[in-house]
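If you read the sequences in order, they're chains A and B. Mapping of the first sequence onto our numbering: residues 1 to 363, in sequence order. Mapping of the second sequence onto our numbering: residues 364 to 676, in sequence order.
The set of hints was computed from the structure by calculation and includes no laboratory data. There's no promise every hint is true.
Unchecked claim - Sample of chain B residues facing chain A (criterion: CB under 7 Å; computed from the structure):
no., residue
1, T464
2, L480
3, W486
4, P641
5, Y650
6, V657
Said to hold, decoys possible - Straight-line alpha carbon distances no greater than 20 Å define the calculated EDC-like cross-link-like pairs of lysine to aspartate or glutamate that follow:
no., chain 1, residue 1, chain 2, residue 2
7, A, K16, A, D343
8, B, K540, B, E550
9, B, K483, B, D594
10, B, K460, A, D343
11, B, K460, B, D594
12, B, K483, A, D315
13, A, K194, A, D347
14, B, K460, A, D347
15, B, K672, B, E550
16, B, K483, A, D343
17, B, K538, B, E550
18, A, K180, A, D315
Claimed, not checked - Interface residues of chain A toward chain B, partial, derived using beta-carbon atoms under 8 Å:
no., residue
19, Y222
20, A226
21, L324
22, M341
Where is the CB? At the ideal position from N, CA and C, for every residue including glycine.
Residue-level listing of the chains:
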Amino acid sequence: MRSSRFVPYGFAIPAKYGYSASALLLSLVCVAIIILFTGYSPLEIYQLIFIHTLNNKSRIFLALSQATPLIFTGMAFAIAYRVKIINLGGEGQLHIGGMAAAVIGAYVTGLGHVSHVFLSLAAGALAGAFVAFLIGIIKNKLGTSEVITSILFNSIIVYFTSFLCNGPLKPAGSATAQTKAVQATARLTKLVAKSQFTTAFIIAIGIAVLLYFLLNRTTLGYEMKAVGHNAVASQVQGINVSRVYLFTIMISGAIAGLCGAILVLGVNGRYVEDLSLNYGFAGLSVAALASYEPLATIVSAIVFGILKAGSFAVDRTTSIPVELVSVVQAFVVVFIAAPRMIDRLFDLVRSIFDLKKWRTKRI
Amino acid sequence: MENKKNMTTFFTQDVFYAIFLATLRMAVPLALVTLGATFSVLCGVSELGCEGMMIAGAFFGVLASYLSGSRWLGVFFAMLAGIVFAMVHGLMHVVYKVNHTISGMAVNLLASAFAPLLVKLVWNTNSITPTVDSFKTYEHTALKRIPGLSFLSEMNIFFFAVLALVCISWFYFFKTKRGFRMRSVGENPQAANTLGINVIGYKLAGVAICGALSGLGGASLSLGQLSQYVDGMTAGRGYIAMVINAFGHYRPLGSLLGALFFGFFDALQLVLQSSAIPSQFLMMLPYVVTLLIVSFGLKRIKQPAGVGKHHDN
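This is chain B alone, in the form it adopts within the complex (with noise of 0.2 Å):
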């Protein structure tokens, strides 16, 4: 009841600026992840598995800062795990011309399996680990300073490391001639392969930097927002972005921006969490969205031509 009566004064100034501080930092894992699947949609592999090399990421990111009680390494080994289990959807579906959709799935499977069982064996907790060195409570005060940007000084590393990671791989994909020739991979992998293109290695280089960037998501949420690796912490993220993706036209600015788009209704859903909303009808807010989105609003888009299909040097 006490909720109830502040839902006229519910929505202050103050409350419009947490809206938009929660998108940005909702917005961080889900562009990273985004952006990782670009890379692998555009050189013509599906992007199923992004939700097992995030858990991946978000967990032996915690285990190698736990092991190693620094920080930056706990990201290095993120991206790393990242890779490792990414290169196991490359190797099957691109080497050993697994179904895309089944050797996604068994990424996932395998990350989300492997997880609560190593947080059992080190730790000996259900499901839960402890606190370890994060990025958390990252302090820049020269940012305070800025005039009207003085809000970037509440965001953490990850947040520049997207808009840096957005700038470089719109670089590459439209303005070297690496980034045209993976999508040109991902287009038709024959036409690539006959003017004389590494089609698989190409391939396995887009999966590669999809886990790399997925691992990174996945650090961005346990050693970015918790600083602590919680079983099913990433929620699906992995599959909403690949409506994102797909709702960003596969391009690394429209993942962004979609990334932005979602986050919104990620914090809409944190910030209401004080109102008379019942919280689980909140937390299936961004699902809700998502569906609606994948089964209306992504009629004109197609994937890459390649995708999904298997092809020999």
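Extracted from the complex, chain A is given alone in its bound form (with noise of 0.2 Å):
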């Protein structure tokens, strides 16, 4: 084994970070490849989406706005694969909490703004638990693994809001499939004026640094991590493991839910069938570049978020499509996984510049 410090120039950075930091590196490099062959410079293309989204005040809210649902669904997977848990529901979770949030904030009335926003986004909550709650009762009593049954379940749930925002719900004259505007008093607050960054962004914010207390300061945390280290130990040691792994996956589906919860409160206004941009998949390498950490998680979603507010600048002056920020996404996770290949590039690159010798030899 090597050694737990990631040592690439001699000085040191937590190993973790150090692989999220090269993992990132190497896919925009892959990326680089795919532009090259579409006959741009990648050097330019990269200058726009990363200078140009930054030196702009609208353009940086509109990163933080892109940021704002990949935080939710990066937490949902990261908190559920610290106990090993591989929650792939998060789609399915995040589309029933915005249906759920869109039929209490269009359909219940005459409450405050801070209540009813406060009801909606329970209610979403509340619709991504239940689901992943079946996901856990079925890995916990039938023994299931979680891996299939959530991505059924995105397909199920995803045909069954489908058919609520085309059938019953879909108001009449509407020629699209979406659900009822939601009332005032449940959308979410602007906190900049015209653009989409709102209070989202603060509650996105308050519950990574309340899963990070949950993680490092409560019992349950500190059980979610002895059962994610080894499940076997922990039950012997007496910690209920099929209850920390339903409560686990419950959280994990709330976030999610809540995920649904704000795009429909904050961003549509209504559910509409194309709510979520594959922001349940995208969570996966959001948690994987924060490496599974609940308050990295908001620096990697925002990563992702200049990057997805670039690609729109570079989508309208290139023929380079938004899509390529999906692509850079998979080579993350692909990366990130493999920090052996990782370290066998290092040492392939130290050993054509032979990057020691040439220090110790300035010194």
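Join these two chains into a complex; the hints should help.
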């Protein structure tokens, strides 16, 4: 085994974040090769994505608002992965949460702003947690792996919500599949005018802090970490492992449901059929880049948010589409998952340039 | 209201024949992917990447057929693309010792990110390609004359490929030395290695075959049923294949029978589209059946013991 410190050029960073940075860099290099094939200069494209996005206030807020749903789905995947549960059902939990929030937001009347928003968000979180509860109970009682069931639940829920917004909940005279617009009292407050940057971002940060405390300062968090390291040993030590599994996946589902709710209440104002732009699966990349730490999820989601906001500009000015971002995200998962591959690559780079020799000579 | 009146006269002989034909057609991609998954599981590597390999096969098959104008080259490149994406999974899991769920999901994410990007770059359209040379209108008039088997003339080339491949893989796994070695690698890599078997080689070979067959399964959708690529056309068949695989006890023949069983629900959904039931509930049907089977029906079926374990030669 290699040492737990990652030492690229002589100074030490905690290993996991070093790997994250290298993985992000490697995926950007891989995507640069794809950009080369399209005939554009990768440097110009990356300049457009990063510099152009960050030198304008409204584009920074665009990046942050693009990052907000990713923080939620990233945290949802990360917290489940801490107990080695792979919750791929984020997409479905997001849709059912969005639908629940849309129904409460549109049909409940006579509430104040804060209470209505709170009620709608709670409905979204509960709906997501309920689906996750089903996945967890199937895992605990019947022993079925959550990987397949959560993916199957995605399809089932997406068809179910599609039925609702095409049939019973579709407002009369509407041409597209959607529900009634939510009441003004249920809309999230915009923090910056003419942007989609709403209080959702603050909620996301609040939840990240809560998760940090849950993991590091509570008994449940301790049990979660123990189960994640070694479930059998935890069972022997008297931790109720199946209870920890169930709680964790429900927390994960609730956060994914909240993501749907904030998309409905903050962005679209109603449930629309293509509510999620693949946020559920993007959560996997976000969580992997943050090495499954709740607070680091914010940073990694913002990185992807900047990429997304920047690629809107790229999409407008060149023939390279926004879909580029999802390729970066997929590559990040590949490279993060294989630290040995990164070690090998760095060994290769070192042996080519012989950095150590070069440095000792200079000193 | 029109539709409801038809419900009593709905189940006529014609409908049963239509369901029968649709079952065979829908079973073809499922059987191909499941057969691929069988190779992957029996050599001890999880089959989660099948969905991605299938997407890759479906897309690159159409791309190759579009660029070359030949459907046969399309099929060849579909299999090749499947192998390339399978090798990502294989290298990550077998060589670099990544958790098999993550490496499989990485393949799925890669393929489902690449396909829409390339559709946009090559054709400048959203999520749908123009139609290309395909096997959709493949006529074999000779088969029409066989009494009792005239339905075979309605099947395309992939159907016959499935029948041949199931026989070949059964023979490979149960009648050849190499097949037996591959199964032993899946059961107990340490023991296999002690006997001098190249464990990593067999695992990579199994994953590559899985990729080729999944790519072929994807091509059977895009070149066999539609003659174009549409985003999301695989519709989670790669995941359903994992369940069929377990349902068929991880055996080639079992995967064919399982694919027919699941193909039946796919077909039922297609044929019932004209009835009064909301289409979303019908489309949900295959997934609900899969969910019920994976939850309640697979109690006593065990994967080979070596699946998901890492091994050094």
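* Hint numbers contradicted by this structure -> Hint check: 3, 11, 13, 16, 18, 19 and 20 fail, others pass.
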